[in-house]
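Read off the chains here:
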Amino acid sequence: MSEATLYQEWTDEQKYAHFMKRIEVGEKIEADDWMPEDYRMTLIKLISMHGISEIMGALPEKEWVPKAPSLKRKLGIMAKVQDEMGHGQLLLRVAEDLMKPLGRTREDIMQDLFSGRLKFHNVFHMEAPTWGDAGLIGWLVDGAAIITQTNMLNASYGPYARALKRICAEEVFHAQHGEAIIMALAEGTEKQKVMVQDAVNRWWEALLMFFGPGDASTTGTSKQDITIKYKIRTKTNEDLRQDFFTKYIPRVLSLGLTLPDETMYFDQEKNLWVYKQPDWNKFKNIIKNNGPKSNERLSLRRTAYDTNKWVREALNTAN
Amino acid sequence: MSKPERKLIDEINPALTSLLYQLADDDFILAYRGSEWLGLAPHIEEDVAFSSISQDTMGHAAMFYQLLQDFGEGDVDHLAHGRKSSERKNAVLLEMVNGPGHYLSTAQYDWAFAVIRNYFYIQSKKIRMDSLKNSSYQPLAEVAVKVNMELYYHLLHWKTWFVQLMEAGGEARSRMEAAVKKTLADFGGVLSLGPLAKEMGEQGLIEEEEILKQRWFLMMKPIFESVNLTVSEADFAMKNGNGRKGEHTADLDAALSTLSEVYSADPAASW
Amino acid sequence: MGSEGFYQEFEVFSKRTDTSPLQYQFSLLAPNRELALVMAQENFMRREPVADIWVVKRSDIRKMSLDEKQSLQRLDNKDYRTTKGYGYLKKKWRHYEQEMLDENEILSWGGLKKSE
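Chains as they are written, first to last, in the numbering used here: chain R, 4 to 322; chain S, 2 to 272; chain H, 60 to 175.
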């Protein structure tokens, strides 16, 4: 601060310039620091969606927690889904601190989820009808999540970066948990092999969609530019999707599985995977809570929240 | 407490296996009920904490099943997933559903029942583990020492919820009292050691049922008094059957078909 | 968030072992400090050893404003407070054929018996 005046007396322009300079040199912004309104709003949207997706993401896997086929698998998947709830906790805390100046709390986040104003990730609207899906979610959906989350480990917003650091450390366990289930199936009986292949086929399109549209021309809006400008992330949606292909396609194929896109290949010259685009209209529709399981999962979440309301009301006083 | 001379048991016998089945089946089915709660607790932070307790509890079940496997009773996954309802020895209270609705769509689970069932059960489990530390079956005594370690947290956790919701008054108090009533109506089953209780005592596997029951009372009495709750021995019953004798409810059948759905698809396969 | 309500903010600190310093973990929401304490370990330390946990109500913490943080700056002219200002002694002791008793040397004395 070179000016002689107190920081609190600075104009917004001065504060903005100072803020951008801090970001440029790699300083971390903290919850109580001044930040431009669009930075705050972008973070709130990004992180509350990320957080609530973890909470909603517990539901498709939850189906398989009581059903897991051995004591070891039951324990493993319980710990994994518990982590998802835990990640939701970390992220919602980060979002809640950002919303605090706006007078909004976790209660508002939950209500926004129920009203459809707060969206959750496309993959968690999908069905998970077999144990193969439980493995596939752990392996490839978490794999995709690792790709997007590690891209933000150096986010300019300190609390988000710190939460992601905790989350990514646990994702390594998730990935291995998923791999263990998938490998047992891929090396198992014919029926088990079919189970994994079906799961891959079922999830492929959702996995492509996971990273979001390549640019705003596909769905009309995109937060990519603003998040890159503010150094919340570095890579574009398409960069991340390509990274995912590079890391995971050789592994999928090595297990004797096939991809449900016969046209897909790696273009050596362009150094890019060429693939069939998913149906982005379907994507838009899914995230508007019109996916195959959107209503059932939202209703489960809402019912649980309402049923337990008495608990939160009973303890609704300060200590 | 002076200990009678401890004669070690090293042979399989019906009293010992019966005790091990009770311990394993109790923990297994309650942990299963806990796993259905996952994602549905009243509060996100609590969801995470509760799940750890369910995992610990299933881990304990696995240790008890392992002792049975060591006796040639079958492998642990068969013991957990492959046995019929009539072969299960868990107390009926622990198999009862968490509340109305299915865990995937319409669950309206009862947090008051979760708190009371878990708190009362864990206290009884703690007393059993303390007694089992001196069991004449040495491998069981060793497992009891380990299991006991994790029960301090379980107790602290459930006791905190119990006291706070009991003291909250109003709707919470009436829900909690209803859950106490429901729990006690089948709590006799939890405190029972089953038809071979006498043999268990004689062999020094665990102390007598009545001693353990009185100890439970002794531990709970000051807590009950602090929240102004009256519980008497006459309240303990086995309204829905004696699980120690293999009597169970439709709730257990439904749970078994869910928890063994994948396992039963191909018990010979590696999962 | 006011001082009333189910969603109170608590900051969680923990010690990994008896001898390690207290370390900040993360924040959680709880209706009161008893429940905050009961939920803290499983939320933030599921996979690591813990020897102690503190929960602190966030509203009880006095934080610094950006302006106040300026009071933390100081000049780099305080060698006299550190061993750096006394480095020349090494050479002088050598003159007396003695080793300098530096930080490494002094901090190693605690656990030693004479017979070392």
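The set of hints was computed from the structure by calculation and includes no laboratory data.
Some clues are possibly wrong.
As the list claims (entries may be wrong) - Taking lysine to aspartate or glutamate and the DMTMM-like style, the derived pairs with C-alpha atoms no more than 20 angstroms apart in a straight line are:
#, chain 1, residue 1, chain 2, residue 2
1, R, K75, S, E172
2, H, K122, R, E182
3, R, K70, R, D246
4, R, K232, R, E12
5, S, K199, S, E209
6, R, K312, S, E172
7, H, K116, R, D100
Here the structure is a predicted model, which means the values were calculated and not measured.
Run the distance test for S/K199 versus S/E209: straight-line Cα separation, threshold 20 angstroms.
holds (7 angstroms)
Given the hint that R/K75 pairs with S/E172, test it: the Cα-Cα distance must not exceed 20 angstroms.
Given pair R/K75, S/E172 is violated - Cα atoms ~40 angstroms apart, limit 20 angstroms.
Agreement of R/K232 and R/E12 with the hint, judged by alpha carbon distance not exceeding 20 angstroms
violated (26 angstroms)
Run the distance test for R/K70 versus R/D246: straight-line Cα separation, threshold 20 angstroms.
Roughly 33 angstroms between the alpha carbons, so the hint for R/K70 and R/D246 is violated.
Does R/E182 sit within 20 angstroms of H/K122, going by the straight-line distance between their CA atoms?
Between H/K122 and R/E182 the Cα gap is close to 45 angstroms, so the pair fails against 20 angstroms, i.e. violated.
20 angstroms Cα cutoff - pair H/K116, R/D100:
Answer holds: H/K116 to R/D100 is near 15 angstroms, not above 20 angstroms.
Hinted pair, alpha-carbon criterion (20 angstroms max): R/K312, S/E172. Please report holds or violated.
holds (11 angstroms)
Comparing the model with each earlier hint shows violations of hints 1, 2, 3, 4; every other hint is respected.
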